[in-house]
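*Asks:* So the chains spell out like this:
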Amino acid sequence: MSSPRESRLRAFAAKLRGFLRGHQPDPELDDEIQEHLQQLADRFVAQGMPREDAAAAARRQFGNATLMQRDRRELQTLLSIEALWHDLRYALRTLWRSRGFAVVSIATLGLGIGAATAIFSVIDNVLLEAFPYQGAERLVVPRIHGGQQSGEEGRQGYTTAEFLEFAENNHVFDGITGTGEDLVRYKTGEGTEQLYGAHVTPGAFEFFGMPALRGRVLQSSDYDPGAPPVFVLRYKTWMQRFGGDPSVLNKTFVLNGIPRTLVGIMPPRFGWFDADVYIPERLTRDAKAASSGPAAYWFVLGRLKPGLTSEQAEADLTVIAQRLAKIYPQDYPAHFTVQIRKIGSTVIGRFEATLYTVLAAVALLLLIACSNVANLMLARATGREKEFALRAVLGAGRKRLVRLLMVESLVLAMAAATLGVLLAWGGLKALVAALPPDLIPAESVIGLNTRVLAVTLCVAALTALIFGLVPALQSSQRDLNDPLRDTGKGVSGGFRGRRLRDAVVVLEVALSLTLLIGAGLMMRSFVALREVHLGLRPDHVFQTLLSLPAERYKTAQQATGFFRPLLARLKASPGVEDTARSSALPPYNYAETNMEIAGETPDQDWRALFQNVSQEYFRVLRIEFKEGRAFTEADVSDARKVAVVNEAFVRRYLPTKDPIGRRVRLTSLETAADPVRDPWFEIVGIAADVTNQGLQVPIEPEVWIPCTVTNSGPQVLIVRTSQDPAMMMNVVRQAVWAADAGVALAYSSTLEDRVNEQLYAGPRLGFLLMTIFGCIGLILVTVGVYSVLAYSTTLKTHEIGIRMALGAERADVLGMVVRTGLRLVAVGMAIGIAMSLVLGRMIGAQLLGVTAYDPATLAATSLLLAVTAAVACWIPARRAARVDPMVALRYE
Amino acid sequence: MHTEKSELLQGTLDLMVLKTLNALGPLHGFGIARRIEQVSRDVLQLNEGTVYTSLLRLQQQGWIAAKWGTSENNRKAKFYCITKRGRKQLEVEMRNWERISDVIGRVLRLEAEE
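Chains as they are written, first to last, in this note's numbering: chain A, -5 to 886; chain B, 2 to 115.
Treat the hints as calculated values from the structure; they're not laboratory data. Note that the structure is a prediction, hence the values are computed from the model and not measured. For glycine and all other residues, C-beta sits at the position ideal for the given N, C-alpha and C. It is possible that some hints are incorrect.
Distance condition first, Cα-Cα at most 30 Å in a straight line; then the derived DSSO-like pairs of lysine-lysine [unchecked claim]:
| no. | chain 1 | residue 1 | chain 2 | residue 2 |
| --- | --- | --- | --- | --- |
| 1 | B | Lys79 | B | Lys20 |
| 2 | A | Lys9 | B | Lys77 |
| 3 | B | Lys68 | A | Lys9 |
| 4 | B | Lys85 | A | Lys9 |
| 5 | A | Lys9 | B | Lys20 |
Covered stretches of chain A (in silico footprint by chain B; criterion: 3 or more residues with CB under 8 Å from a CB of chain B, positions within the stretch not fixed) [unchecked claim]:
| no. | segment |
| --- | --- |
| 6 | 22 to 30 |
| 7 | 44 to 57 |
| 8 | 63 to 70 |
Isolated chain A, as found in the complex:
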């Protein structure tokens, strides 16, 4: 026997089947109907009716076939279009009547969806799917890790012989490729530009498995000896240098003196090695037969065979490396192993922790937004109990009521989703603009992620549905007369839900305060960062890295022969105040040397940064002198072995002695490209400390020597201007190319831009994200406190009426409601402060000039939250105080 429940279930299953199958016309049914009509007509004819009347009579007797088909269709569909349309219009009308509720719910959910989608999209694109290459999750970088080296250290560059050995004899990779870096000068019509080139080994593009966007990728014949020289261009470079002009394909470019044909342009996400151009490089063990490629060392990337563990791979590669170590003992430490590292972790490193922290924060934000909406909907449903009961009494089926509410919730969810998508889209644009370069892999293109979006939308829609339906189900199960009869006095029943709602508010307050404190700390840290004195004046400075053709500029004299007229000519140009040359692009210096000081015995390895500069350098960058003098013109023109050191140098190595006149030996210069014999330099001056390793790290000891002593190291041109330095690009380029059209310019920018990008962009991003989340949290918490209080006040209207009838003043009622709310807020704030004290240790490393327990920040953010929460309490409290006791008690 079938119970009613069972048969309802079967009917629903049939509807679901119909829904899943989609709407299909039923030709069989049409046949059946036709047949039926035919037989009816035949029968009428047999009874003596004229044939032409019989068909009409048959149709009459059959009834309305369209109506019947609609009935049948409804048996097989979940929602009929007509009913849905009706419900939709009704839902819009209801929501319009409670605009405040609708706006707040939509804004809350929208904010949650938007923030979560934006951040999840960044995470997915940067951390999970950064590399679009074939089998990206199995791509590893092997390194020779010496027994005494710490965790991440180890050699990653391999000679051609080593690379071939690994490629031919390993048993663990199903693909391997080598990449060598090369600075490429290429001649344009008027001068020379510099590109970052990657030389790739045969099979590289088959390895990556990405087809070209235009033209073709490199193929095996391109590597043959005597094959016409070709290269492949990266999308970003194509856009920036050639404005995406498709006609550059198959044109010939002179790269480092060799005419090469551009055969392909890669799609946007191909950015291997962050290179601009990809050049085929033949590999041979015979050094003489090797092509003119500059790649002395290959960066090796291998794809592990599926199912292999890192340990198995490392064991196999170590065997090969040990064989190599016997042939080339000078290149290997005494004890070593080969270690492999996933390609993802080679790029992101420290940024990963920040991203995951932000991820956790934003996930919680989404949850809080959902619980907020849930609270709002529950609160609203209480006010509608009578409406539901009345509808049920008037004959609305339970199914119908539930459907009505479902449509209402869906309308809310859809509106919130639309808002969320817009916010996520805008947020992502802002985020990408704020994201510092070099922090994420070149390959990751950050865009709105549809998968992520789908998940967040589902969460939001589910929240709206569930919490929209719960009250409907509740009220339809209750005795219909109950809510109609009673005026609210008995309904203290919200009690079981109350704890949960209170807990949500406490959690919201705690989380929001944590976020606010984090944001406050980041803000103070960022302000402190901006106030750190760089040691130089970055305004009105333009700088560029010059790449001189090595064959014509071997010695320091040759370089000086190029620079001296150039500097003089530039200095005479309008808008230029002063010019200088250097071997490092401020505000960083990477050139390091071992060092000794005459008369001192080093207790360990003494090391210092060094820089070759012209006499104007200190003046151009406005670097102060503490003692002694800067270089004179004669120091530089005669290539005297004199040196200027910074204060950090003195503090570290000569703290108690007078450094002027002491002599230092810069050991690395003996083996530099342009070696200096007997590299002893006399200290003639002490300059103020200038940032040389970034702002969060202490300034390293540094030595400046005249640029005429050696031609080793990069050549940097620095110009101080009297007008906007951003306008100098053309003037400088024309002057450089007038001096020598074969010299290329790179990294041209104003010093201020570079400082902003390199020193401030990272901290700014952290500060920006935390501030945004803090603000969203604050908004959510306001909504949360408000909705819970509004709800409980509605429940208590009757009680308030009695109190007032018994003599309570408005102020008493006001106080009572505000106290209820503030008690929750206080508990939440206590938890929040405790939480941020614990978490403070985590962000401590990102802070500068402020501790994680900074009392001023704690006080200011707590106050902000308390004031906001108080406002949220005030509105429902004022409404409660306006309760007219007569109205509240009338139905007694």
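Starting from the known structure of chain A, arrange chain B on it as the hints suggest.
*Replies:* Here is chain B on its own, set in the frame of chain A:
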């Protein structure tokens, strides 16, 4: 509301269709309509199309099954027959019906006596 029909009415038709199939064995829609017409002796004005809605409803509950066959005048037609579960359901429904009609009949007589 406007799309929902009285459950009593639907139920009566379903019961009649089920009973017809139980009594006469496999039938097509036309045959069912004729049988109901005949039995009700033209008292019940039936829109014959509704029979097909009823047939679908019964099929969905698994109380009847349908298959294609050839009609008496040699044309292709869909034949419906009652299933085992349908027979059980019919018994239950018939008992229910008798009880309800008994009750209603008594109530109506009571009113008439007053």
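*Asks:* For the pair supplied as a hint, B:Lys68 and A:Lys9, is the alpha-carbon distance within the 30 Å limit?
*Replies:* Roughly 21 Å separates the two Cα atoms, so the pair holds.
*Asks:* Test coverage of the segment 44 to 57 of chain A by chain B using CB-CB distances below 8 Å; three residues minimum.
*Replies:* holds (count 3)
*Asks:* Please count how many residues of the segment 63 to 70 of chain A have a CB within 8 Å of a CB from chain B and say whether that reaches 3.
*Replies:* holds (count 5)
*Asks:* Given the hint that A:Lys9 pairs with B:Lys20, does the C-alpha gap stay at or below 30 Å?
*Replies:* Since the Cα atoms of A:Lys9 and B:Lys20 sit roughly 25 Å apart, the hinted pair holds (cutoff 30 Å).
*Asks:* Assess, step by step, whether the Cα of B:Lys85 is no farther than 30 Å from the Cα of A:Lys9, and give holds or violated.
*Replies:* Measuring from Cα to Cα gives roughly 23 Å; hence the hint holds.
*Asks:* For the segment 22 to 30 of chain A, count the residues whose Cβ lies under 8 Å from any Cβ of chain B; is that count three or more?
*Replies:* holds (count 7)
*Asks:* Please verify whether A:Lys9 and B:Lys77 have alpha carbons no more than 30 Å apart.
*Replies:* Measuring from Cα to Cα gives roughly 28 Å; hence the hint holds.
*Asks:* Is the hinted pair B:Lys79 and B:Lys20 satisfied, with a Cα-Cα distance of at most 30 Å?
*Replies:* holds, 18 Å
When the structure is compared with the earlier hints, no violation turns up for any of them.
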